[in-house]
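A.B. asks: These are the residues of each chain, in order.
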Amino acid sequence: MPDTQNILLSQIEALGRELARTGSLLNDVPLPFDAAVRDRAVGEFEKLLGREQSELAAIRARVMEGDVTAESWTALQRIAARTTPLFAESLAFLEGALARENGLDDGLCRLVDSLLDELSTRTGVMWERFTILADGEFFAGTADIIRIRFPDTSVWSLPVAAHEFGHFAGPALTSSTSAGTVHPFEILVQREAPAWKAPHVHELFADVFATYTLGPAYAFTCVAGRFDPSRAYLDAIGHPAPAKRVHAVLGTLARIAQEEDQAGGYQAPVGELAEAWTSLLAVGGQAEPPEYAGGSATIVDLDRLVDALYDLLKEQLRPRGMYGAERLLTAQQLAGAIGRSAQLGDRSLPELPDGVLLADIVNAAWLARWRNWELTPELGHIVADLCDSLVGAPRARARR
Amino acid sequence: MSDPILCARIHALEEQLTVVENSPKWLETMPFRTTEIGEELHDGLDGTFGTKARQEKLELQAILNELRAAERGSADDAAAAIRAGWERYLRVQQESQEIFSECLQFLGGVAIRNEGFEQILDNQIWEVADELIRSCARESTGYPWTSLTVPAPEEAVAKTLARMIRLRFPDWNVWTIPLAAREYGHVVAEDVAGLVAFIDREVEDLVRGRLEEIVAIELATHVLHNPLSEDDERALRATLMASAEDAAEHLERPPGRLVQVQTADEELDARVRDYVADTASRERERLHILVADVFATYSMGIAYAAPAILLRFGPGRRTREDVVSDAERGEVVLAMLDRMDREATGSPYRALLDRLREDWSWVLDHVPTTHGFRADDGYSAVFVDKVWAIFDAHLRTTARYPHDADSEGWLSVRKVQLAWQASHKASGEFTTTDLELRKLRDALNAAWAWRLENPADEQTVKRLENAVTEICRGLVADGRRAGGRRRRTGQRASGPARRT
Numbered sequence: 001m002p003d004t005q006n007i008l009l010s011q012i013e014a015l016g017r018e019l020a021r022t023g024s025l026l027n028d029v030p031l032p033f034d035a036a037v038r039d040r041a042v043g044e045f046e047k048l049l050g051r052e053q054s055e056l057a058a059i060r061a062r063v064m065e066g067d068v069t070a071e072s073w074t075a076l077q078r079i080a081a082r083t084t085p086l087f088a089e090s091l092a093f094l095e096g097a098l099a100r101e102n103g104l105d106d107g108l109c110r111l112v113d114s115l116l117d118e119l120s121t122r123t124g125v126m127w128e129r130f131t132i133l134a135d136g137e138f139f140a141g142t143a144d145i146i147r148i149r150f151p152d153t154s155v156w157s158l159p160v161a162a163h164e165f166g167h168f169a170g171p172a173l174t175s176s177t178s179a180g181t182v183h184p185f186e187i188l189v190q191r192e193a194p195a196w197k198a199p200h201v202h203e204l205f206a207d208v209f210a211t212y213t214l215g216p217a218y219a220f221t222c223v224a225g226r227f228d229p230s231r232a233y234l235d236a237i238g239h240p241a242p243a244k245r246v247h248a249v250l251g252t253l254a255r256i257a258q259e260e261d262q263a264g265g266y267q268a269p270v271g272e273l274a275e276a277w278t279s280l281l282a283v284g285g286q287a288e289p290p291e292y293a294g295g296s297a298t299i300v301d302l303d304r305l306v307d308a309l310y311d312l313l314k315e316q317l318r319p320r321g322m323y324g325a326e327r328l329l330t331a332q333q334l335a336g337a338i339g340r341s342a343q344l345g346d347r348s349l350p351e352l353p354d355g356v357l358l359a360d361i362v363n364a365a366w367l368a369r370w371r372n373w374e375l376t377p378e379l380g381h382i383v384a385d386l387c388d389s390l391v392g393a394p395r396a397r398a399r400r
Numbered sequence: 001m002s003d004p005i006l007c008a009r010i011h012a013l014e015e016q017l018t019v020v021e022n023s024p025k026w027l028e029t030m031p032f033r034t035t036e037i038g039e040e041l042h043d044g045l046d047g048t049f050g051t052k053a054r055q056e057k058l059e060l061q062a063i064l065n066e067l068r069a070a071e072r073g074s075a076d077d078a079a080a081a082i083r084a085g086w087e088r089y090l091r092v093q094q095e096s097q098e099i100f101s102e103c104l105q106f107l108g109g110v111a112i113r114n115e116g117f118e119q120i121l122d123n124q125i126w127e128v129a130d131e132l133i134r135s136c137a138r139e140s141t142g143y144p145w146t147s148l149t150v151p152a153p154e155e156a157v158a159k160t161l162a163r164m165i166r167l168r169f170p171d172w173n174v175w176t177i178p179l180a181a182r183e184y185g186h187v188v189a190e191d192v193a194g195l196v197a198f199i200d201r202e203v204e205d206l207v208r209g210r211l212e213e214i215v216a217i218e219l220a221t222h223v224l225h226n227p228l229s230e231d232d233e234r235a236l237r238a239t240l241m242a243s244a245e246d247a248a249e250h251l252e253r254p255p256g257r258l259v260q261v262q263t264a265d266e267e268l269d270a271r272v273r274d275y276v277a278d279t280a281s282r283e284r285e286r287l288h289i290l291v292a293d294v295f296a297t298y299s300m301g302i303a304y305a306a307p308a309i310l311l312r313f314g315p316g317r318r319t320r321e322d323v324v325s326d327a328e329r330g331e332v333v334l335a336m337l338d339r340m341d342r343e344a345t346g347s348p349y350r351a352l353l354d355r356l357r358e359d360w361s362w363v364l365d366h367v368p369t370t371h372g373f374r375a376d377d378g379y380s381a382v383f384v385d386k387v388w389a390i391f392d393a394h395l396r397t398t399a400r401y402p403h404d405a406d407s408e409g410w411l412s413v414r415k416v417q418l419a420w421q422a423s424h425k426a427s428g429e430f431t432t433t434d435l436e437l438r439k440l441r442d443a444l445n446a447a448w449a450w451r452l453e454n455p456a457d458e459q460t461v462k463r464l465e466n467a468v469t470e471i472c473r474g475l476v477a478d479g480r481r482a483g484g485r486r487r488r489t490g491q492r493a494s495g496p497a498r499r500t
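Read top to bottom, the protein sequences are chains L and S.
If you count by the numbering used here, then the first sequence holds residues 1 to 400, one letter each, in order.
If you count by the numbering used here, then the second sequence holds residues 1 to 500, one letter each, in order.
No lab work stands behind these hints, which were simulated from the structure alone.
It is possible that part of the hints are untrue.
Stated by the list, open to error - Residues from chain S that face chain L, not an exhaustive set, calculated with beta carbons under 7 Å:
{"no.": "1", "residue": "Val20"}
{"no.": "2", "residue": "Arg83"}
{"no.": "3", "residue": "Trp362"}
{"no.": "4", "residue": "Asp365"}
{"no.": "5", "residue": "Tyr379"}
{"no.": "6", "residue": "Gln417"}
Claimed, not checked - Not the full set, but computed from the structure, chain L residues with beta-carbon under 8 Å of chain S:
{"no.": "7", "residue": "Trp73"}
{"no.": "8", "residue": "Glu95"}
{"no.": "9", "residue": "Gly96"}
{"no.": "10", "residue": "Ala99"}
{"no.": "11", "residue": "Leu104"}
{"no.": "12", "residue": "Gly107"}
{"no.": "13", "residue": "Leu133"}
{"no.": "14", "residue": "Pro151"}
{"no.": "15", "residue": "Glu272"}
{"no.": "16", "residue": "Val283"}
{"no.": "17", "residue": "Gln286"}
{"no.": "18", "residue": "Arg304"}
{"no.": "19", "residue": "Asp307"}
{"no.": "20", "residue": "Ala308"}
{"no.": "21", "residue": "Thr376"}
{"no.": "22", "residue": "Asp385"}
These numbers come from a predicted model, not from an experiment.
Beta carbons are placed, not taken as given, at the ideal position from N, Cα and C, and that holds for glycine.
Construct the entire structure; sequences and hints are all you get.
C.D. replies: Right, here's the structure in full:
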């Protein structure tokens with residue numbers, strides 16, 4: 001009889017050590033935040049690690065009593081399968097946090113934190129977490145941490161953080177009913193299930209959220225900086241086709257423009273962005289089809305979904321959560337001043353008006369850039385400095 | 001006519017590539033304990049990430065130049081240049097994403113190493129792993145290895161750009177360090193010409209053997225929705241077979257898995273071609289993993305086979321979806337150890353091999369395993385024989401774990417065993433002095449051999465672990481001193497010396 005008990009115990013003990021070590025590392029990583037913020041993030045990991053440790057201890061006890069059956073092996077494999085992504089997530093957290101600590105983010109994470117704090121306050125969706133660097137932007141549910149993409153640490157990508165915040169915000173929305181607390185976004189996802197895949201609804205919600213809360217800056221980032229026109233009509237497993245997303249973003253801007261108390265400041269950006277996207281499609285040889293390829297959803301379905309998502313936000317978020325025409329006017333005025341500074345080329349900073357938000361600076365930056373692409377580098381420097389001055393501390397730019 | 005959005009995207013990507021190009025400078029802010037490693041690493045990074053980033057930037061510059069040149073031509077020329085520019089930009093962007101991802105993983109890993117975590121990690125374990133890989137490289141290919149071992153979420157499936165060696169997070173101790181040799185196996189699989197050609201041939205053979213099946217599957221799905229007459233079906237089968245053969249003729253040879261495209265909405269012919277490419281890509285990945293496993297066993301002996309089978313492989317666990325099962329990996333590892341035993345005089349590994357095989361067989365027979373992946377047809381032994389011949393011809397003679405050398409290898413392991421038995425019997429401890437060990441792989445083999453032959457409680461295993469860790473640290477310190485002497489006297493480490 002082979003010593004399978006020993007093999008099984010070796011694997012259980014090794015996994016137990018790994019779980020314990022991961023917990024210790026997460027607790028020891030230096031994070032530049034107050035204890036409460038840190039505990040909220042690390043606490044989520046600890047909860048998951050603790051749950052696996054308990055299950056592992058139960059298997060160990062069984063094996064020690066001589067239960068070396070297929071069930072024990074299968075139970076161990078189930079835990080090992082669950083811990084693989086947990087370890088990966090923990091490592092990404094450690095690396096991302098240390099990369100930030102070592103300045104690899106060029107200070108962008110701090111700006112994103114401030115922008116998200118601002119959005120959190122305006123919308124009423126409490127976040128109280130932080131951002132770290134990763135190899136792509138995404139929102140990881142394990143510890144509710146938002147990742148920003150290395151090495152794209154320029155201010156032009158700041159609006160993408162609002163999209164990732166949307167992934168957190170959707171499930172966080174709650175309503176009180178006579179039956180108790182309900183999650184209206186989850187209900188919406190279930191209601192749309194026959195026509196729309198859940199991950200696609202999540203993505204479109206995050207797009208609508210980012211546009212609703214950040215205005216044209218998010219739309220500019222998508223059209224000018226991110227979406228691939230050569231795959232405009234191709235759905236991916238986790239993401240709807242870029243054409244659908246652009247339609248949702250522009251549709252959201254159009255809805256804001258239609259609000260009774262919103263003046264027509266939105267009309268120009270919406271028209272220009274739509275025209276730019278059409279040009280990109282033409283260059284990529286992608287004529288706009290009557291229906292969206294890659295799924296059964298049509299424009300009518302999409303408009304209905306976007307309307308539902310928009311209505312949900314309007315109902316659930318604080319009124320100032322919407323990036324309305326008044327804010328856009330502030331951004332447009334600032335855009336003029338930033339553009340003039342960039343043309344002078346002396347890195348002088350325009351004076352920031354009272355009550356200006358990071359969201360205004362980011363919108364002003366994109367509006368100014370959209371008017372004069374040649375000034376992109378100068379605008380980037382000025383906008384970064386303006387953001388720094390608003391947030392309160394200069395970024396370390398020694399390496400740029 | 002210019003495309004401001006394309007130009008803006010190109011400039012943004014250029015800027016990001018510059019960040020990566022300058023990544024060696026980050027090392028200056030992360031001081032290493034040993035300056036020599038820092039310098040070598042700086043050069044190594046510049047030669048890998050830096051070079052690749054510069055190449056991509058040159059391509060971006062070329063796109064911009066062509067856009068500018070086209071502006072002087074007709075509107076049609078300009079439009080064509082813009083269209084071509086987008087295609088090229090998107091390709092560079094995709095390639096760059098891989099560089100960015102690896103660069104962050106590398107720098108993040110270095111940050112973890114440098115952070116210390118003094119109370120939690122034995123930080124010298126990194127240096128032990130570095131030295132193990134350095135000697136593995138020296139003794140197998142003879143190529144210098146100037147990268148680092150870094151923590152990673154999973155094992156590699158291909159050689160990384162910076163040749164970094166991944167240690168699976170958070171599994172770092174002397175029992176699992178030998179598994180790092182497998183990671184170097186990916187470098188060997190891609191850098192040793194004989195292995196590259198072998199993998200190409202195997203992939204082609206395996207894919208060609210499946211062409212009829214691929215066509216039959218796609219055709220059956222098609223006919224289900226589009227009924228055809230017998231003649232039309234026969235004609236379509238012939239056309240698809242020709243496409244499949246053409247696709248097999250022009251297979252891409254990327255080191256890792258191809259990014260799979262969604263083919264649901266594509267035409268039948270495209271689906272068949274994608275299926276062939278996907279099959280080839282999967283087989284290539286599987287072979288890379290198996291070659292890396294057999295290389296690690298070849299160079300580390302029991303020290304790799306034991307942790308792989310006892311601690312790492314789980315019979316039902318699949319690696320990267322269903323490309324290769326741990327059951328198959330276990331079989332090739334045991335087959336390689338078996339071949340090493342048969343090639344040696346006196347069957348040095350037989351007892352331990354039988355022990356491992358018996359344990360592994362029991363596990364495979366009693367635990368749910370990945371169906372269809374056990375090589376009952378003896379493929380593992382044939383595979384190992386083929387790879388053995390290539391190792392024999394293309395690697396240095398020192399690559400194989402020595403079984404009969406006087407001052408190193410299995411005989412030195414046996415001497416350590418005797419010393420440990422005596423000290424353990426006398427005091428319950430494992431002596432670390434006067435063992436005459438010269439190589440890390442010998443210390444690690446001694447540890448695993450003792451553990452396999454003397455099943456012990458957790459405390460005893462821990463005492464053994466501490467002793468071996470101390471021995472390994474000593475060997476790393478000795479190696480560093482010797483390296484310093486070599487540098488001062490201008491001597492070079494021995495270069496490639498292959499069998500003829």
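A.B. asks: Now tell me if each hint is right for this structure.
C.D. replies: To see whether the hints hold, each was checked on the structure:
1. Val20: Nearest chain L Cβ about 6 Å off; hint holds.
2. Arg83: With a closest approach of 6 Å, the Arg83/S hint holds.
3. Trp362: With a minimum Cβ separation of about 4 Å from chain L (threshold 7 Å), the hint on Trp362/S holds.
4. Asp365: Constraint on Asp365/S not satisfied, violated at 10 Å.
5. Tyr379: violated (24 Å)
6. Gln417: Status violated, d = 19 Å.
7. Trp73: Holds, because the Cβ-Cβ distance from Trp73/L to chain S comes to roughly 4 Å (cut-off 8 Å).
8. Glu95: Interface hint status for Glu95/L: holds (3 Å vs cutoff 8 Å).
9. Gly96: holds (7 Å)
10. Ala99: holds (5 Å)
11. Leu104: holds (6 Å)
12. Gly107: Where the cut-off is 8 Å and the nearest Cβ of chain S is about 13 Å from Gly107/L, the hint is violated.
13. Leu133: holds (6 Å)
14. Pro151: holds (4 Å)
15. Glu272: Constraint on Glu272/L not satisfied, violated at 12 Å.
16. Val283: holds (5 Å)
17. Gln286: violated (11 Å)
18. Arg304: Interface hint status for Arg304/L: violated (23 Å vs cutoff 8 Å).
19. Asp307: violated (27 Å)
20. Ala308: Not OK, violated: Ala308/L not within 8 Å of chain S, min 27 Å.
21. Thr376: At about 6 Å, which falls below the 8 Å cut-off, the nearest Cβ of chain S leaves the hint on Thr376/L intact, so it holds.
22. Asp385: violated (17 Å)
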